[in-house]
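The whole structure should be built from the sequences, with the hints applied where relevant.
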Amino acid sequence: MSSNGASFLPRLESVFYAVFDVEQGPKIVSQVPEALIATSSSSGHTSGASSSTPYAASPVPSVPSDPDLSSRHPSRSNFSSPAQRQGSRDPPSPQKHGSSTTRFFNFDDISKYIIPPKSLCGRLVTCATKGHRILGFPVRLDEEYYPRNYFLYNVCFVFERTADLSCYEPVARKVSRVLTTCEKESRFLSSPRSAPAIHAILEQLYEDLNSYSETSIPIDPFNSVELKIFPFYPNPPPVKDWMVPLALINLTNRIEPNWDLTIVKICPYIDGINHITRIARLANCDLNLTRLAISHLLYYQVIMLVDIFQYSNMYTIRKSIQWLADEMHIKEECGPYVTKPGSVIPDWPKLLHLYSRFKAGKTVRDWMEEFEVHKLGIDVRRFTSFGVIKGFLCRVHRWPILLCPLRAEQPPDRRTTMASLGRKRGKSFASTVLPTPESPPTARTDAEPIRFRGRAPNAQPTIASAGAEIVAVSPTTAHVVPARRASAAESSLEMLRSRDGRKPLPERAYQTMSRLSGQGRVEAHKPGAASVAAERHSHAATRYISSSSPDALALAGSVSADGLDSEHSSGGRSATTMGGLFRPRIAREASASHGTLQGAAQFPPELLPLLDGEHHTDEICTHFEVGWPVLRQWLFAAGGATEGDEEFGQISIIYR
Amino acid sequence: MSETLLCVLFVTSSAKGSNLVYHWPPSPTGVPRLARPLPSNDFPGALVDNPWRAANSPDSSLEEPQWELANLALEDDSEYYWQRPRFRRDRSVSFTQPNSHPTSRRASPSKDAKDAYTLDGARGGSAASPGSGLTLAGGRDEYGTLLGYSAEFLAQVLCPQSALAHQKFELIVDDLAFVGHPVCADADGAWRFKPETPPSGPAARGRGSKKRQSPQDEERLRTPERDRSQAGAQADDAGMQTFHFVLVLDLPDPSSSASGNIAKYFDTIYEQIAFNVTAVLYQEQVLNRFVDAQSEILGALREDFANRGESFADFMYEALKVSTLATAMKTLYEAIKTNNIARVTINELPLELQLPPYLDSLLHADEDIDLEEEHEDEDGEPNAWGPEMSFAWRLPALTPWKALLRLDDEGEQGYQLYMQLRAAQLNPEERGLAEQLIRFLDLVSVTLSLAEIASLLDWHLESQVYPAVRWLVLHRRAKIVDVVHSGLKTVFSVPQKFPAPLATLSAEFARTFADKDVPALPKLLSMISTASHKQTANHLFATVVQSKDRIPLYSEVVLWMLKRDLLIRLHLRIRIVATEGLKRHVREQWEERRTRKRSRSRARDIQHGRQPSTDRGHGEGSNEKVGLGLDTVNESSPVENWVSMSPKTARKQARKMSPEPIVEPLRRHVYDDDKADVDEDFLSSSADEAKWQEYYRTGGNDNISTMISDPARASPPERKWLAAMSEGKEPHIADLFKRIHQYFDGKCSDDEILYRAEITRKQLREVLHHYEEHLQTFLHPS
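The listed protein sequences derive, respectively, from chains W and E. For what it's worth, numbering that gives the first Met the number 0 labels the leading residue of the first sequence as 0, then goes sequentially. For what it's worth, numbering that gives the first Met the number 0 labels the leading residue of the second sequence as 0, then goes sequentially.
Mixed in with the good hints there might be a few duds.
[Stated by the list, open to error] Taking lysine-lysine and the DSSO-like style, the derived pairs with C-alpha atoms no more than 27 Å apart in a straight line are: (1) Lys318(W) - Lys330(W); (2) Lys496(E) - Lys389(W); (3) Lys737(E) - Lys361(W); (4) Lys318(W) - Lys488(E); (5) Lys496(E) - Lys318(W); (6) Lys318(W) - Lys562(E); (7) Lys263(E) - Lys349(W); (8) Lys129(W) - Lys263(E); (9) Lys349(W) - Lys533(E); (10) Lys361(W) - Lys263(E); (11) Lys361(W) - Lys339(W); (12) Lys193(E) - Lys318(W); (13) Lys318(W) - Lys533(E); (14) Lys761(E) - Lys737(E); (15) Lys533(E) - Lys374(W); (16) Lys129(W) - Lys193(E).
No wet-lab data here; the hints were simulated from the structure.
If you want it as structure tokens, here you go:
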């Protein structure tokens, strides 16, 4: 809630250094600014304590506390040291520092937390008085050398009661650590010769930390206190593979040579389009490291995470549109941001109207058609991401859930059902191919930019370029049968069959990823040992052969099967450039490539457990590296829907 | 609920020393912490703590020869886990450990000063279990230790100097936070109420009272009081000096939440629990020496059990039988942990304590902050919930057009409520009140708005209905929801987040509606969520219910889902847009009229010289200026014209609060441009004219459409546009539009408009239909 003020550093009100004095018990040796903390150095309290027990505060009960209580307000000055006497009677009177500062608190009240019993030593202790918090790290050094066989000291930092001390905790620890080292090495604190130096150290701490938030105090030739207070940021939320980072500043301009290597590598790919899995692949980085790097950037609030843009996405407006729609900065920024260069910027009411028409259940494509968005020169991806960034638009995810999860538990049956499904699938696939050509009204006007920008999960190079390469390769493949174009199922069948003749296309990895075709599911010839391997590899196959985009689907309809062949073959190769993650699977796939293809609509078995209503389609798509159109087919198949159904059979989809 | 609460404990101090009287649960354990990052398997081939290993290798620190041994011995994860220094193995981290006494820390930490009077038993057992974690199993050690400290030591540290008593206490040691409100006897050892506190009502009501917000009230807090009878003044030398009811919290990770949230979190726990419990205990101590007696009982029992060698657990459970304080602590702890209302009894004084239900979300930065962030209403309407329920409760606004959903219909709580109300009525007045309340409870339903309930019961909304609602919501017996159409023709949507995993919810749903003809929950949710975008027949009846005789069944289903926050209603907001065409049209009219008027006003100037001032609040100056010639108006300062507007605007704003009377003057004022009365025309538009001038001069663009963002305070051009929108509309529709367009600011929900303007939904729909081209609708949750 108070995240805006998160980076404010609390003001250091006072620093003091207290020790357990052999004769006087706990006492403040020096404090900066001076005399802000009331001490009663000569009071009976300490003398009583020092007489018998090593530290003063141990008996809380009656005896010592009573005089304290009675003397606290009226007669404090009687006990105060001469140096402070003139000021203590009348708190508002000007003291050495601030003109109207009163005493913060009485040291005796908290001395048992500052110079504590042994079990609190070596721990970070924060105690509080009515108006202040005191952060300290009491240190106790047990050595024969000292008069009582130990030396107990504490450097304490005093803040307002309401201050957030998170950023000072390491500071307190480090100061103690350094001083302890000094003490161990040269008796810096305990020897009367060097002990007075502590006051200067405190002064510098106080001044520097308040003024510069950092300090460097040389203590002796070997030791120095080097401190820097870092503003406190909360941890970022967990980063998921399907999230799309969007830079809030120009990251690439700021790269410095000492930056983390992964961050440097991924920065160029943070463009508000690529999701994390894809960035990892494009930058050739480990996925985990990429996730960490993104999370790191997120921590510093230089990026934000949005969702993958697809034309199949659904959005809805949020409550905040009530007041955000009236904000000048939104009104002014929106038009220029969302309009394509060279287009007339629509007025805000028009844009707002478009925003208000986003509804759960209405895909971006439907929305574009309904309101003829393409005529307005609006870049739809920027349009939606503007709303998401500003917080008045949010994505509506599809959460598929399998209603009766029985089928998932019976792998033996699956083969038969799949076979039958495979038969259906040819048609159902075709039916999804159909809508795509009609889909881009966008494609008519600006096919290229949309394809490039809007493409969500895959493909760095444009489809067109990938297609060109495919054409180049095609003459070398033997099976050119026009009929194959008829259905994606057949083409994938062909694709698998031709794998033997595949050619090495080593550099084609990313293009391959971007491609799609149908997806193949291999059935082993014989049930038995081979089927396991076949199943596994077939899953791997689906992983690579699939595509995510409606455009790509459309393309699949037009590209010849040769293209698919070569594309798939490069899919196998792609593993080599892909950085170890999938390599083992690929190898297996190659070895088990003598499958008979039953149909292209088969879904990977791992899909079913994910259909529990807790995973949305972006997550599933990213997991299997397919797009929504493909996943949709899978869901049709998994749900056992008959063709032409709007529903997914046994699978329900919740929009939320 | 407080997920960080580790235990509640009660300490006292007397002349004889400090005692840990009781604590619950018997052996609290904190969340394990890491001493350094635990390498995960996510990073193939990378040892994340290589730097650490390098920095801490035996070569670099000769003092720690055991390091490698320990490292080799602990090939599992355990070496990464941080342990309280007392149990720490890894010596390299605890630099404060004296080299000369390697094992001293593992022994009792309270060895030093208090050897004379610490429990011998504690000493004996503690050396046995270094490295065994926080829970010390075994023997008499449990009597003496808690959370890694000796009980003696804890009691001593938690009984502060009397100067720190009677105020909020906060001590944080590494990962443990101790929060409480220590109180102490007067200097003479007597327990009495503090005279300096102002008299106040019943203090120990079990909830933080309102005055507890500001720091200056802190003074008052210092002494919980009720009636300041000087009872309990009998001093007792050996008596208890201080007692302190402490909540021990596992210090939350500061980086998991935004800065300042943790302080707020502690404050809330302090205010809601620690302070209130202490207040009651203090009162009972002063009046009845209750705490004295309880700690004596518990102390004796503890000693007895320890001496007899009984297990610690036996002591803990035996204590529950003999001490009401112990029982209360147990109840409190368990209620907090289960996010319930703690109903505890302290010396036969019933006490209800609870923490705000969404308190823990303060600690989780990853949750959607928007939920928490209530956007303040511009009109500054005070939150009808009152201060204590406005924080971390996440309640929807308490407004007359919402409905109340009772949560306890079937439970025994509801029954109890009825019984309490029916039985034990002392006098007729209260009986009447109780009957009213019962009627209220019977009447409450999701199909009735609070305003309707108020009128049915003939209750005053704010002074009678709201308090009842607040009480029910505070006691978690009801919640505020949107009104549901009695025929279920309500458009529902599904929230972004479910309160529990869908599988759990589905199972529960299936159990509840097993024998009914209802689709499975996911199916239902899917049907509801996919239907909401349809233009027609998108309400629940059309999409799911489909037949009248199934309405009762589905009403139950809807209630079930509403109780679990599985349904939300989308609300309609409306904005007005002045389109280009309209604006051009208005401008044409204006220019035409201006030419007409210019000649007219010239003539009048000659006649009258100056215009008499009016009650409209138009300064004469502006009249004069306009009157003297519109040609010069360009030079006139627009600021002046604005100033001349201000009283009117202010009045209008005042009227907005009471929606009804606004219509008449506004209409007269705004829509009379074409009326015959020349003077009126002139007066009403003189300042307006200036603004027109200003508007057109400063780039008022007729070629783009404009949003009229606040129609209730429309500027003159906007008023003209609003008027022009009604041209050619049927009079009654136009009238209706004039009445309600002030609500078309994109902020009033449909329910609010219906309530405030007292129109029917049909009428609203009519307006929306007829003014379609000028209106934008927004459908989103509120």
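The hints, checked one at a time:
1. Straight-line distance between C-alpha atoms of lysine 318(W) and lysine 330(W) comes to about 17 Å, which keeps the hinted pair within the 27 Å bound.
2. Restraint check for lysine 496(E) and lysine 389(W): the C-alpha separation of about 20 Å stays at or below 27 Å, so the hint holds.
3. For the given pair, lysine 737(E) sits about 34 Å from lysine 361(W) by alpha-carbon distance, which is inconsistent with the 27 Å threshold.
4. Between lysine 318(W) and lysine 488(E) the alpha-carbon distance is near 23 Å, which keeps this suggested pair within the 27 Å criterion.
5. With a C-alpha separation of about 15 Å, the suggested pairing of lysine 496(E) with lysine 318(W) holds against the 27 Å cut-off.
6. Our distance criterion of 27 Å between C-alpha atoms is met by lysine 318(W) and lysine 562(E), whose separation comes to about 22 Å.
7. In summary, the hint linking lysine 263(E) to lysine 349(W) is not supported, as the alpha carbons are separated by about 43 Å, beyond the 27 Å threshold.
8. Restraint check for lysine 129(W) and lysine 263(E): the C-alpha separation of about 16 Å stays at or below 27 Å, so the hint holds.
9. With a CA separation close to 22 Å, the supplied pair lysine 349(W) and lysine 533(E) stays within the 27 Å bound.
10. A distance of roughly 42 Å separates the Cα atoms of lysine 361(W) and lysine 263(E); the hinted pair therefore is violated under the 27 Å criterion.
11. This hinted pair checks out: lysine 361(W) and lysine 339(W) have alpha carbons roughly 23 Å apart, not beyond 27 Å.
12. Note on lysine 193(E) and lysine 318(W): the hinted pairing is violated, with a Cα-Cα distance of about 50 Å set against a maximum of 27 Å.
13. About 20 Å separates the Cα atoms of lysine 318(W) and lysine 533(E), which keeps this hinted pair within 27 Å; it holds.
14. Under the criterion of a C-alpha separation no larger than 27 Å, the hint pairing lysine 761(E) with lysine 737(E) is consistent with the structure, at around 16 Å.
15. Between lysine 533(E) and lysine 374(W), the direct Cα distance comes to roughly 24 Å. Compliance with the 27 Å bound is thereby established for this hinted pair.
16. Distance check on the hinted pair: lysine 129(W) and lysine 193(E) sit about 18 Å apart at the alpha-carbon level, within 27 Å; holds.
The structure does not agree with the numbered hints 3, 7, 10 and 12 stated previously, though it agrees with the rest.
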